[in-house]
Structures are given as C-alpha cells and as structure tokens.
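**Q** Now for the letters of each chain:
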Amino acid sequence: MAEDHGQSKNPGASNEAVEQAIKAKQSYWPIVLAASLTLTLVGVILMSHPIVFWVGVAFVIVSFIGWGIERH
Amino acid sequence: MATRTITEGVSIARRRRLSETYIGDWIMTTDHKKIGIMYMITAFFFFLVGGVDALLIRTQLAQPNGKVLSPDVYNQIFTMHAVTMIFLFIMPMLTGLGNYIVPLMIGARDMAFPRMNAFGYWVVLFAGLFLTSSFLFGAAPNAGWFAYAPLTELSGPGTTSCGNAVMCTPGPNMDFWALGILMLGISSISASINFVVTILKLRAPGMSINRMPLFTWMTLITAFLLLFSLPSVTMASILILLDRHLGTHFYVAGFGGDPLLWQHLFWSFGHPEVYILILPAFGIISEVLPVFARKPIFGYTFIAWSGVAIGFLSFTVWAHHMFAVGLPLVAQAFFATSTTLIAIPTAVKIFNWIGTIYGGKLSFKAPMLFALGFIAMFLIGGLNGAALAIVPFDYQVTDTYFVVAHLHYVLFGGSVFGIFAGIYYWFPKMTGKLLNERLAQVHFWLMLIGLNLTFFPMHILGLLGMPRRIYTYPDNLGWNELNLIATIGAFTIGISILVFVWNFVVTLRSGQVASTDPWNAFTLEWDTDSPPKPYNFAEIPTVRSRRPFYDKKNPETADWKSVTH
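Chains as they are written, first to last, in the working numbering: chain A, 1 to 72; chain B, 73 to 637.
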C-alpha cells in the first residue's frame with residue numbers, strides 16, 4: 001500500500017540519520033513562484049502599466065525553470 | 073598553525089545561508105508541520121480581519137437609519153467579510169489542520185509533494201494580501217461573495233458603458249475578486265492533489281482505507297470535492313474577466329448572453345463548497361467525541377460512507393440557491409428532492425455522534441465542549457436548511473436575513489466550532505503546551521451565547537422581511553430591537569475571541585507543559601513527541617486496527633484482538 005517514499009523502517013539508524021534521509025530539502029522556489037503569480041495578477045489590475053504584468057510573467061517562467069532544475 | 077587560524081577565522085566569518093536563519097527556515101520550509109502552522113496563523117489573522125468587518129456591519133445595523141459607514145463602503149465590507157471568512161479563514165484553517173495532522177495520523181513522514189505544499193500556502197498568503205489590499209485602492213469587491221452577473225459586468229445591460237452604477241461595477245473591485253479567487257483556486261488544487269496522493273499512497277503498513285481515522289477520511293473527500301468543483305468557478309471567473317476586459321458578453325442578456333449562466337457555474341462550485349467547509353469539521357468532531365467519551369466511535373463505517381454520500385449529493389443540489397429565478401417546475405422538484413436527500417447522510421452522522429456519546433464516560437474539557445456545541449448549533453443550521461429546501465417557503469424568505477441565520481448556524485456554529493474543537497484538541501501536540509482550561513471554558517460559553525444572540529434573531533428578522541445586505545432601515549418596521557440584540561451578540565463573540573487570543577499568548581509564554589498524550593487518545597499522531605520531530609516517527613508504526621495508539625497502550629485489550637475490520 002504505502003510506497004517507499006521515505007517510509008521504510010530503519011530501526012538501526014539514528015534519528016538524525018533518519019531525518020537526513022527523509023526530509024525534503026528546503027526550497028525558495030515555492031515562495032518565488034507564488035510571489036511571481038501575484039505580481040502577474042497585480043499587473044492585470046494595473047493594465048495602464050503593462051510592464052508589471054510582463055515582469056510577473058518573466059518571473060513565473062524563471063520560477064518554473066528554477067523549480068524544475070533544482071536538486072531535491 | 074597559522075593556516076589553521078586563518079581557516080577557523082574564515083569559517084567563523086562565513087555568512088549564514090538564508091535557510092540557516094530563523095526567518096529563512098520558515099520561508100524555505102517544506103516540512104508539513106511548519107507549513108500547517110503557517111496556514112493556521114495566516115488563517116487566524118484573516119479571521120480577525122473578517123471579524124472586524126462583521127463588527128462594522130453589525131455597528132451599522134445596530135440602529136435604524138445608521139450612518140456609521142457609507143453605502144459603498146458597506147457593500148465592500150459585507151462582501152469582503154464573506155470572502156475573507158470563507159476563502160481566507162475556514163478553508164486555509166482546515167487545510168492547515170489537515171497539513172499538520174493528517175500525515176501524523178496516517179503514520180507518514182511528510183506530505184507527498186512537500187514543495188508543492190509550500191507553494192499552496194504562499195499562494196494563499198499572497199492571494200489574501202492581494203484581496204485585502206483592494207481596500208487601499210478604495211476598490212474592494214462589492215457585489216456580494218457570489219458576485220452575481222450582470223452586476224459584476226463593467227458595462228450596463230444592453231449598453232457599452234456603465235451609465236448606471238447600480239447595474240454594473242465600473243471599478244476594479246470585481247477584478248480583485250475574480251483574480252483573487254483564481255489564485256486561491258490554484259492553491260486549493262495543489263493542496264487537494266497533495267492530500268489525495270498522501271492519503272492514498274503514504275499510509276503506514278496495515279492502515280487500510282477501512283482503518284483510516286475519520287478526520288483523514290473527511291479530508292480525502294474534501295480534496296476530491298475541491299478537485300471536481302473548482303473548475304466551474306474558475307471558468308466562471310475567467311468568463312467574467314473576458315466580459316469585463318475583452319468585450320465578450322457571456323453574461324449580458326442584451327448581447328445574447330445569459331446572466332443565469334453565472335449562477336449555474338457559481339453554485340455548481342458554491343454548494344459543494346459548503347461541504348468543503350463543513351466535512352473536515354465533521355472529521356474533527358469524529359476524532360474528539362470518542363476520546364472524550366472514552367469509547368470507540370459508534371458507526372465508523374456509516375460516518376465514513378455518509379461523508380462519501382454527502383460528497384456525491386453535494387453536486388446535485390446547486391440550484392436550490394436559484395429557486396427564485398424562475399426554474400422550470402421539474403427542476404424545482406428535482407433540486408428540492410436532492411436537497412432533502414442530502415439531509416439523510418448528514419443525519420446519519422449526527423445519530424452516530426449521539427451514539428458515541430451515549431453511555432460514555434464524558435469529560436467536558438474544551439475540545440469536547442466545542443464538539444457538543446458544534447452538534448447542537450449545526451443541527452439548528454441543518455434544520456432551517458431543510459426548511460429552505462421547501463420551494464414555497466424558500467420563495468418567501470429568499471435573500472432575507474433568514475438565509476443569513478441559516479448559513480451562519482452552519483458555518484459559524486458548524487465549521488468554526490469544529491475548528492476550535494480541533495485547535496483545543498491538537499494544540500498540545502503542536503506546541504507541547506496545554507491551553508488554560510478555565511479561559512477555554514469562558515471562550516466557549518461566551519461564543520455560544522454570542523452566536524445565538526447574533527444569529528437566532530435573524531430568523532425572525534428574515535420572516536419579518538428584512539432583506540440581506542440592506543444598508544440601513546427605517547425605524548417603523550419592527551426590526552429595531554432584534555437588530556440591536558444581534559449587534560450585542562456580535563460583540564460578545566468578539567470578546568470571546570479576545571479571550572482565546574489571551575489564552576493563546578499566555579499559554580505560549582508560560583502555559584502548562586503537556587505530555588505527548590494529554591487526552592489519552594487513540595490515534596497515531598499522539599504516538600510521537602509534542603511537538604513532533606521533523607521526521608515525525610523514528611520508526612514507522614504498524615497498524616492493526618482503527619485505534620492503533622490505544623492498541624499500543626493497552627495490549628491486553630487491543631482492538632485487533634476482538635474486532636475484525
């Protein structure tokens with residue numbers, strides 16, 4: 001039922017080793033992508049300043065790429 | 073020697089990475105527990121914002137001919153009160169509780185997609201700030217939380233300009249609404265996918281579907297409801313944006329569009345949304361009652377599968393919000409029947425909760441008080457909801473304060489009481505501290521009294537014909553005293569929340585230290601430290617019944633020895 005997603009029993013390992021083995025790495029891409037999306041939508045509101053929208057779109061693309069190539 | 077000194081010097085001088093700072097650790101975290109806490113703190117902040125909105129509304133309506141707010145600001149305040157409470161408080165709070173508790177309950181070490189989990193949270197935060205910042209522009213959404221077209225169009229019906237501002241919304245107000253809802257939809261979809269995969273794929277060995285805790289069950293059903301209901305409101309929002317900015321006329325009758333299309337699209341999301349807001353609370357109650365009645369849950373299978381039935385039926389009832397628009401008789405009959413039918417699985421749950429309490433050794437600690445308050449208040453909300461399913465009665469009270477009373481008994485008496493039951497129940501697990509019980513009892517009783525003072529008179533106001541969302545009223549309609557009572561009740565609720573905040577702060581600073589299992593509970597989240605280590609469990613537990621932690625503590629009377637499921 002449960003796949004081996006850091007779930008396997010490992011009674012011999014120390015707790016710190018378990019933590020190192022299973023913890024997902026920290027990442028700033030989630031917050032950067034969310035902020036980029038927000039900037040894009042603010043750009044929709046401020047249609048008189050389309051630069052905001054396009055900067056938001058650029059950041060969204062960069063965030064997707066950064067997230068995709070990040071080692072985890 | 074000299075080399076070593078230089079090396080040490082460099083080492084000491086190395087700037088800490090962002091992730092090594094306290095704030096950076098939270099910003100970059102992918103730990104489900106930290107993300108859950110951030111969800112809950114953010115949601116509570118917006119609860120306070122929405123609460124201030126509510127107090128402003130009640131202050132305006134406390135007396136006839138009120139002039140506390142201007143009409144336009146009043147429209148913005150009542151719209152944002154609902155948007156904030158529904159989308160920025162109840163949903164994120166339940167997502168936060170689920171984030172923190174579900175992986176622990178099922179014996180997992182994290183959510184299936186930790187980075188997507190973090191992304192979902194940050195989108196909620198930014199969407200909330202985006203929506204709330206609309207006040208700074210004097211352009212907060214102002215057409216009600218369900219944003220009916222063509223009121224939300226940029227131009228008036230059959231025209232190309234908004235000559236009459238009563239018939240359309242020329243400012244960016246509804247752009248904020250539509251874009252904010254789109255963002256929150258993105259967050260909800262990412263959270264839902266995460267919950268579905270986590271619950272289906274990461275359960276501890278032995279935890280079959282039939283042994284899952286009921287909070288996990290309800291979270292799973294809620295995730296599916298979100299995945300299937302969000303597309304319609306997303307599409308509705310995109311269409312209104314196209315109407316407003318690219319010259320389409322999907323909702324404008326004068327150009328061949330149909331305003332009712334909005335209502336169908338919105339409510340085919342909006343009614344499942346009601347169950348999205350209440351089902352996780354059902355799950356919380358189903359966890360709290362057995363622990364404080366010292367019994368296994370009565371009718372586990374019925375509670376779980378009635379949740380599934382509610383989930384399915386919630387997609388068949390949307391047009392009961394639209395009886396007054398002139399639906400064909402056959403449609404009225406269908407939606408009245410389906411709305412009545414959905415009361416059956418809901419009643420099944422209530423009877424099973426009563427069965428759980430019956431004959432138990434009851435302990436009236438704060439989580440139990442809120443759970444019992446939930447049952448009583450939600451029952452009132454359910455019964456007056458069943459009344460609204462009767463078409464002739466609905467015709468009489470549609471868009472009156474009777475509906476406001478109904479929805480607040482469901483969402484405040486139901487969801488909010490359920491949320492506080494969960495907060496009091498799991499707070500020791502999250503912080504290692506016990507909230508002060510005396511202050512918790514004061515909080516409960518003030519909130520219960522305040523709720524009934526505020527919302528019960530609204531039934532009568534509705535029957536007397538007071539329309540919802542009305543800005544003010546003359547003094548000769550017999551509404552004065554009831555409105556004043558409702559306002560006193562609202563401020564009583566406000567005081568109860570201040571008591572909770574005080575309790576929260578005092579407990580965090582100098583509260584009683586809790587053991588890992590202060591309630592002598594039954595499920596896996598209590599079989600770990602308080603607060604849990606980042607990896608949750610040093611060793612993944614093996615499950616043999618629906619009460620794995622009870623089994624571990626009571627090997628002689630373990631459930632798996634006597635019960636087969």
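Heads up, some of the hints might be wrong.
As the list claims (entries may be wrong) - Computed list of chain A residues with no C-beta within reach of chain B, every gap over 12 Å: (1) L46; (2) W54; (3) A58; (4) I61.
Said to hold, decoys possible - Cross-link-like lysine-lysine pairs, in silico, DSS-like; alpha carbons within 30 Å at most: (5) K605/B x K25/A; (6) K625/B x K605/B; (7) K106/B x K25/A; (8) K367/B x K625/B; (9) K139/B x K25/A; (10) K605/B x K139/B; (11) K273/B x K625/B; (12) K273/B x K605/B; (13) K624/B x K367/B; (14) K25/A x K433/B; (15) K23/A x K433/B; (16) K433/B x K367/B; (17) K624/B x K273/B; (18) K106/B x K633/B; (19) K633/B x K23/A; (20) K139/B x K273/B; (21) K273/B x K633/B; (22) K367/B x K23/A; (23) K605/B x K624/B; (24) K433/B x K273/B; (25) K273/B x K106/B; (26) K273/B x K25/A; (27) K106/B x K433/B; (28) K106/B x K625/B.
It is worth saying that the hints were derived from the structure and are not from the lab. Quick reminder that beta carbons are idealized off the backbone N, C-alpha and C, glycines included.
**Q** Output the numbers, in ascending order, of every earlier hint that fails for this structure.
**A** 1, 9, 10, 14, 15, 18, 19, 20, 22, 24 and 27
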